[in-house]
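J.: Protein sequences, first through last, are from chains A and B. Number 175 in numbering that gives the first Met the number 0 belongs to position 176 of the first sequence; there are no gaps in the numbering. Number 209 in numbering that gives the first Met the number 0 belongs to position 210 of the second sequence; there are no gaps in the numbering.
Since the hints were derived computationally from the structure, they do not count as laboratory data. Bear in mind that the values here come from a model prediction, so they are computed numbers and not experimental data. Even for Gly, the Cβ is constructed at its ideal location relative to N, Cα and C. Careful, some of the hints might be misleading.
Unchecked claim - Straight-line distance between alpha carbons at most 20 Å, and here's what the computed PhoX-like set of lysine-lysine pairs gives:
1. A:Lys25 / B:Lys79
2. B:Lys75 / B:Lys89
3. A:Lys25 / B:Lys334
Stated by the list, open to error - Stretches of chain B that chain A covers, calculated by requiring three or more beta carbons in the stretch to come under 8 Å of a beta carbon on chain A:
4. 127-140
5. 162-168
Here's the letter readout for the chains.
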Amino acid sequence: MGEAALFWIMAPIAVLGALGLVFSRKAVHGALCLAATMVSLALFYIAQEAPFLGVVQIVVYTGAIMMLFLFVIMLVGVDSSDSRVETIRGQRVAATLAILGVVLLLSAVTIRATLPEEPAGLAQASPDGNVPAIADLIFGTYFWAFEVVAALLITAAVGAMTLTHRERIFHRPTQKELSIKRFSEGPPEEAAGLPVPGVYARHNAVDTPALLPDGTPSEASINRVLVARGAARSSDEFRHHPTPADVEAAAEGETDEPAGQIGADDDARGGERA
Amino acid sequence: MIALAAETTGNEVAGFGNDPWWIIAIKCLAIFVLCVVLTLFNIVFERKVVARMQHRVGPNRTGPFGSLQSLADGVKLMFKEDIIPKAADKIVYIAAPLVAVIPSFLILSVIPLGPEVSIFGHETRLQLTDMPVAVLFTLAIASVGVYGLMMAGWSSGSTYPLLGGLRSTAQVISYELVMGLSFVGVFLFAGTMSTSGIVAEQERLWYGIILLPSFLIYLIAMVGETNRAPFDLPEAEGELVAGWGTEYSSIKYAMFFLAEYINMVNVSAIATTLFLGGWRAPWPLSAVNDGMFNTGWWPLLWFFAKVILLIFVFVWLRGTLPRLRYDQFMHFCWKVLLPISLVWIVAVAGMRLAFNEGIERNQILLYGGIAVAVLLIGSLLIPEKKPAEEDEQAATPEFDAFAGGHPVPPMPGQEFVAARIPVTPTGATTKTDDRTEESSRA
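Only chain B is shown next, with the shape it has when bound in the complex:
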């Protein structure tokens, strides 16, 4: 499916690979610093915004307006005692935070932060590298990062982390699937899987508008993928203490924390690139002075404005929604999001094919409208579900758990009735006795 989408891909990653080594070094360093600084910023930002939503003030002691709070917290975390549980599998336990944090630094390397700029007289793009499969690359890196959580959960050698690790695995596999499907619409329209190519294709209209369902599905999937509230089941504190991170402390825990916040930036950056026009200025600004705001260093501003807007959405969700129950959450992924994505991809592929065949847009809208209308009218003809089940049950003979002398399951239409075992009065009385005894002791 993905390969089909890319059938029209040319060699679009020209313009990369010509940088001298020092430009590459500067870009690598910049991405690293950006990840760390954004994490420090996001933690304070999140605490401030959530505090406002809950009529509190939030951190306001360290630095101006509490802006250095996360720095102070980070230093404190580093100096805490580093505990390795006796039952832990040491090698895996120590490797897990590294496996979680290293991939999270890699994703920004394929995200275009801006167009061509001049760094010390050298013309270069504000993007470390690009490849024909850059968007899939981000998916691949994200799936490696999950190993960290999983290894942490298993190697801790206790129950809550193990449950957290299992939950995070199941969750990320499921939501990564949905996330991948939400990309397919973009690939079909852009005709490329390279991030710079996708941004270039959104010059006229953002894909977040044309492919609104894809965008919404991605927004949901990205919250599931980063284990954030309301989908933070792997570390649900009410159920699992801190999930996979329960046994971790000190710098190892700080690394998981770092990875989580960088991943938030990563998925937001991918959403910006794929659906919100990347570094391009929003509409009224993009027309100012013949597109002045889309050149030079200006785009960095638009890019980070969009990323931080999406981070705000994360915080907003966290401040608003209660956590889902685990089975409902998986049900939602596999039985709601996945079918919707599949149907939508078929529709997008159909539209794309129609455009390629040269059919007018009006005609597509007309026939699409007719099809939808027919489906709607057809749905009216489906008879309503009758509450006649009771009659049916009355018609079938009553369920006998020992029909023919053997224990048997109920036939279709019969209702299972547990064999009535007479309640021994002694059992009931002992229970009440216990209670009275306890209360008398009080």
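Extracted from the complex, chain A is given alone in its bound form:
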């Protein structure tokens, strides 16, 4: 009863996940759907008295492989959808043919398969429990195949490392060297790091330049990348523009700081900044 209940709950989730993988527009949604399907399959394995397979399915496939996939896919960002442009000519025709072939092969195998009258049962298949039975198969019967696959995987990993290896021709400065350089060569006010964006400013977003103690916006506080993309706010927006009243006050020499006048006049920018 319990197994039937589990099946009827998890099977729709597994199927929906598989369909979601195929039909979702965003790659990350597809990957998450696939992860859901893998977890459902793992639960089926556990329900079928194959706890080792089920748990390893989650650890290896869901936990490691799908995670690495997601790691790469996530870098494309939340807004991007897959492009529907065919990059390789004839790709769709070839893919359709390949899918047909696989479906044919699988259905042929499934239809031709015959089940024995009486299943042997778990007691006969794995007398010492699930884990020792798998160990016997992997390190006994299929030892050679297992080792060959292991060698293949290691070769692939080493190959990937070799192909992506890049000789470093520059000396990469260490944190210590950079720090010494900052003190010995850079301007002294930047030796302890650049000002943080948004400090003392109207709001604390990364695109808002920090206001230095004298009230001038600091260009150095904004990330260069944001500036290059045009995503940063211009620091002019935050600079105090003196009104004629300020200028007069300064000329009369009553006050050094124009800030004292800000409350009096109705300059919106100055008022907000204050």
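Once you've looked at the hints, dock chain B against the given chain A.
T.: Only chain B this time, still in chain A's reference frame:
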């Protein structure tokens, strides 16, 4: 490797699966309540202990000695405004806290909290369930929980959460590997992967003592796995605001918080079970009155004492160590911890094989000692690295960036010298001009 370790496993999970439904319901409820209450306790405990370490008092306003502070904070958090950013991917954004928190409740279900006790006249173990692969099950559940952080980071639709999500993924994958390897020694010695079986095997000696390197590696890996200081890079506030949790607020943020603290309890409980004898009383107490303290409900006390001791270690680390730099942190995992674990596993497997072959312990120690001595003496024979590189460089011709009229990389032994572009005096002067202008404006 893991399958090899379990070669001697019998059907050790007998004793489970015979409970009536109401006992199972009580145990499930107890585990849920335990997780929540321990979280409330741990937050106050952490704040109190860190405060003491920093010569402060810590929370002392709500309840006796401030003990209800986290309850009050929790209520406050629930009533905060729930914000969903406009750029967020809504479904994933809402699902992420659930994916993070639900798996964290599951792990305690396979942890033995005590031996057989009587609940309303029914003899049962203080453990919801067990399976031949229970320890691997905990690893699997933990790896599902990471999806929550990752989904949170991606779906928020902003930069800091994305970076936090990526960091947490890379970090957890790396440290889970090391964590798995630290389990292998325990599996080899216990001959089983079921948690109750491992506790039963530690009746004479805790694995934390025999397999000390494994235990230490696990302790490091568990801090990395739970994203706690000094390995809290995914939510490093100095670099990433709050990492993957930056955009979250209200109950969704509370769920991440809950998940983090339950995960601390989880990894501590696994460490207790695998390395610190599980629910067994520590040595002098275990001998009192013919093992009285190892029966009945007493073991619950020892189990939670050990768990809270490990939580204290978490807090201690947080109060003591500065955060690592990200590259150093990954370097530490892949180039230090992983090789050490692999070498140690080979050594453990060798010892295990020797025991199985019936070789005396003294002989193993003798030959092991000889091998170590030979290695040490051999290391003395390795000539020291000579500071003769300068001579070599002098011998090779000087690097010419345009040898033969084409831009070329340096040959081995040559040092790269950037082509000297004369600094235009105008560029330098404009920069200083800017500065003087700014200062004059001030």
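J.: Determine for every hint whether it applies to the structure shown.
T.: Verification of the hints:
1. A:Lys25 / B:Lys79: Status violated; Cα separation ~31 Å.
2. B:Lys75 / B:Lys89: Not OK: Lys75 (chain B) and Lys89 (chain B) at ~24 Å, beyond 20 Å, violated.
3. A:Lys25 / B:Lys334: 36 Å, violated
4. 127-140: holds (count 8)
5. 162-168: holds (count 3)
Violated hints for the displayed structure, listed by number in ascending order: 1, 2 and 3.
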